[in-house]
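Chemist: Residues per chain, in single letters:
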Amino acid sequence: MSRRRLALTTLVVGFAVSCAPTPEPRSLRELEDVRRSAQAREARALAPQAYAHAEELRARGRRALEDGDTAAAQILGEQAIAAHGHAFALARVLRAERRVAQAKVAQQEKAKTLRDLEAQLATLTADADALELRAEVLRASSLPAPSGATAPEREAARLAAARALVTEARLLCVAARLVGGKTAELDAADAATARVEAELARTPATAPIDAARAARTACLARLTAARRPATTSAPAAGAADALLSELSALADAAPSRDERGVVVVLRPFDAKGALSPAGRVLVESLGRVARTRAGLPLLVVVHGRGDAADAERGAGVAQALRAAGAGNVEVALAGDRLPIVAPGRRDSATRNARVEVVFVVPSA
Amino acid sequence: MGGVVLAGVLAAAGAIGAGRSPGAEAERLLAALPSASSSARITSVPVERARDALRRAAEARAAGDAPHAPQLEDLGLEWAQAASALLRAARAEAEADTAERDLADAEQRAARARALVEGAISRKSRAEEAMRRAGSLASPSAAPPPPASAGAPRGEP
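For the record, the sequence lines run as chains A and B.
Residue numbering for the first sequence follows the working numbering, starting at 3 and increasing by one per position.
Residue numbering for the second sequence follows the working numbering, starting at 568 and increasing by one per position.
Please keep in mind that the hints were generated in silico from the structure rather than gathered at the bench.
Glycine residues also receive a C-beta, built at the ideal position from the N, C-alpha and C atoms.
Some hints here could point you the wrong way.
Unchecked claim - Listed next, the stretches of chain A that the computed footprint assigns to chain B, with coverage defined by at least 3 CB atoms under 8 Å from CB atoms of chain B:
no., region
1, 95-103
2, 128-138
3, 242-250
To be verified - Computed spacing ranges between beta-carbons, pair by pair:
no., chain 1, residue 1, chain 2, residue 2, range
4, B, Arg-700, A, Ala-190, 45 to 51 Å
5, B, Ile-688, A, Ala-54, 56 to 62 Å
6, A, Ala-344, B, Asp-672, 52 to 58 Å
7, B, Asp-672, A, Ser-258, 34 to 40 Å
8, B, Ala-682, A, Glu-34, 55 to 61 Å
9, A, Ser-278, B, Asp-669, 25 to 31 Å
To be verified - Short, incomplete list of chain B residues facing chain A, as computed with Cβ under 7 Å:
no., residue
10, Glu-615
11, Asp-619
12, His-635
13, Gln-648
14, Ala-656
15, Ala-663
16, Ala-677
17, Ala-680
18, Lys-691
19, Ala-694
20, Ala-697
Assemble the whole structure, with the sequences as input and the hints as a guide.
Modeler: Below, the structure written as structure tokens:
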């Protein structure tokens with residue numbers, strides 16, 4: 003090859019090399035894949051500013067490449083990829099925040115639905131309770147076949163049962179008055195009870211057991227009616243349950259529930275019939291519980307011989323309850339008509355003698 | 568969302584305007600990332616790339632490549648910001664999962680309450696029926712005619 007030809011070849015090769023396009027850096031090639039991804043599309047929609055920043059970096063990278071600064075183009079390409087990643091992360095933040103907001107709105111709606119359902123449930127349950135009780139009262143007051151004459155020993159048993167029933171009637175009527183005050187219907191039930199008591203006082207040949215049962219049913223119906231307003235206005239209150247639970251925590255209380263309310267039986271009396279120290283402590287605790295429930299009436303029922311000593315014992319317990327804070331206390335004497343063990347059995351008098359403190363709850 | 572991005576950009580700009588270089592700001596962001604393994608797993612890739620960029624910036628500066636060293640620091644900052652945003656995304660998604668689980672619980676409670684209400688409606692209907700039956704028993708006019716044995720002595724009281 004001549005010297006001249008070599009020089010020409012060198013010139014042509016040199017010109018070709020200087021005119022060839024600068025190779026695209028790898029980062030800018032990868033960036034194009036990133037830009038086409040679903041994540042980039044989501045970032046464009048949800049984080050437009052961050053997406054625009056990434057695109058601006060890409061444009062700068064392209065310009066750097068056109069200017070021949072491959073190193074800057076590579077760096078800017080990498081930075082644009084990072085910016086796309088940043089934009090997609092911000093889009094995820096936004097999507098998650100929207101999910102939280104939607105879930106919280108839905109939760110609030112559900113909470114309201116739940117509250118409405120619970121209120122509906124409480125009302126329905128109270129209605130059903132009241133209806134079931136009224137049905138029970140109606141069933142009990144339906145006219146049974148009259149109890150006819152029986153053998154003397156059975157008649158004696160009926161007499162004892164009638165006395166128990168009429169005593170229960172009396173206590174239920176007192177409870178009804180404590181809860182709802184005097185009403186014409188209650189006066190009628192009271193009068194019916196008094197008539198049966200008067201008849202029993204004459205020791206009739208035939209026990210007025212049907213009349214005693216009817217008197218008890220009438221008084222129970224009055225107590226149910228007296229409780230209805232409070233039960234309907236606060237069906238979910240569960241006052242009796244809460245009270246039972248609180249009394250259960252007291253030492254020696256062992257409370258129970260019956261139709262009158264929540265009952266605590268006092269037994270710790272000494273030989274003279276006075277409250278023992280433990281009994282006084284329990285009575286004070288009961289009075290304090292009553293104090294925290296303003297207006298909750300207490301009925302002190304003395305079971306014994308129905309004499310002056312019983313009255314004195316009842317008055318003593320009532321006074322102790324009032325001193326501890328109970329506001330509304332009434333005493334009733336049940337005598338020996340509601341025994342726990344059959345009279346005549348050994349120690350029956352001791353075992354049957356007791357004082358009940360009844361928290362007459364104002365709602366069912 | 569625009570606010571979130573703008574806040575991030577402004578914070579970075581503010582930090583740089585306050586005298587911190589992009590490299591120093593990137594280091595600050597990386598140091599602020601929690602070191603717990605669960606967080607590290609989420610941010611490992613961008614953190615690694617941020618550190619790589621900062622290392623390359625230092626090398627460029629040492630080699631006298633003045634124009635490219637700041638660009639590499641910018642790149643480090645971009646990756647550090649991406650790491651922080653990833654962590655925020657993971658936390659927000661965890662919070663969303665919790666909120667959706669709570670919602671599912673609330674839906675379940677509501678479904679149970681609805682079932683109880685249905686039960687109570689049925690119970691009330693039965694009680695009303697019992698009332699009607701008891702009412703017809705209690706009312707002599709509605710009572711069925713007495714059987715032939717009426718008036719005979721009953722059994723136990």
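Chemist: Against this structure, judge whether each hint is valid.
Modeler: Evaluated hints:
Counting residues of the region 95-103 of chain A whose C-beta lies closer than 8 Å to any C-beta of chain B gives 6; at least three are required, and the coverage claim holds. Counting residues of the region 128-138 of chain A whose beta-carbon sits less than 8 Å from any beta-carbon of chain B gives 7, enough to reach three: the coverage restraint holds. Here the region 242-250 of chain A counts 0 residues with a CB under 8 Å from a CB of chain B, which misses the bar of 3, and the coverage is violated. Remark: the range hint 45 to 51 Å for Arg-700(B) to Ala-190(A) is contradicted by a beta-carbon distance near 26 Å.
About 59 Å separates the C-beta atoms of Ile-688(B) and Ala-54(A), a value consistent with the hinted range of 56 to 62 Å. At about 56 Å, the CB distance of Ala-344(A) to Asp-672(B) agrees with the hint of 52 to 58 Å. A C-beta distance of roughly 37 Å is found between Asp-672(B) and Ser-258(A), which places it inside the suggested range of 34 to 40 Å. Between Ala-682(B) and Glu-34(A), the C-beta spacing of about 57 Å keeps the proposed range 55 to 61 Å intact.
As the Cβ distance of Ser-278(A) to Asp-669(B) is approximately 55 Å, the hint placing it in 25 to 31 Å is violated. Interface hint at Glu-615(B): violated, since its Cβ lies 12 Å from the closest Cβ of chain A, which is beyond the 7 Å cut-off. Checking Asp-619(B) against chain A by beta carbon gives a least distance of about 10 Å; that is not within 7 Å, so the hint is violated. This hint holds: His-635(B) has a C-beta 5 Å from the nearest C-beta of chain A, less than the 7 Å allowed.
Annotation: interface hint on Gln-648(B) holds; nearest CB of chain A at approximately 5 Å, less than 7 Å. The beta carbon of Ala-656(B) comes within 4 Å of a beta carbon in chain A, closer than 7 Å, and the hint placing it at the interface holds. Restraint check, Ala-663(B) versus chain A: the minimum CB separation of about 4 Å is within 7 Å; hint holds. Of the supplied interface hints, the one on Ala-677(B) holds, with its beta-carbon coming within about 5 Å of a beta-carbon of chain A, less than 7 Å.
The criterion of a C-beta within 7 Å of any C-beta in chain A is met by Ala-680(B), whose closest approach is roughly 4 Å, and the hint holds. This hint holds: Lys-691(B) has a C-beta 4 Å from the nearest C-beta of chain A, less than the 7 Å allowed. At a threshold of 7 Å, the smallest CB-CB gap from Ala-694(B) to chain A is about 4 Å, leaving the interface hint in force. At a threshold of 7 Å, the smallest CB-CB gap from Ala-697(B) to chain A is about 4 Å, leaving the interface hint in force.
Checked against the numbered hints listed earlier, the structure breaks hints 3, 4, 9, 10 and 11; every other hint is satisfied.
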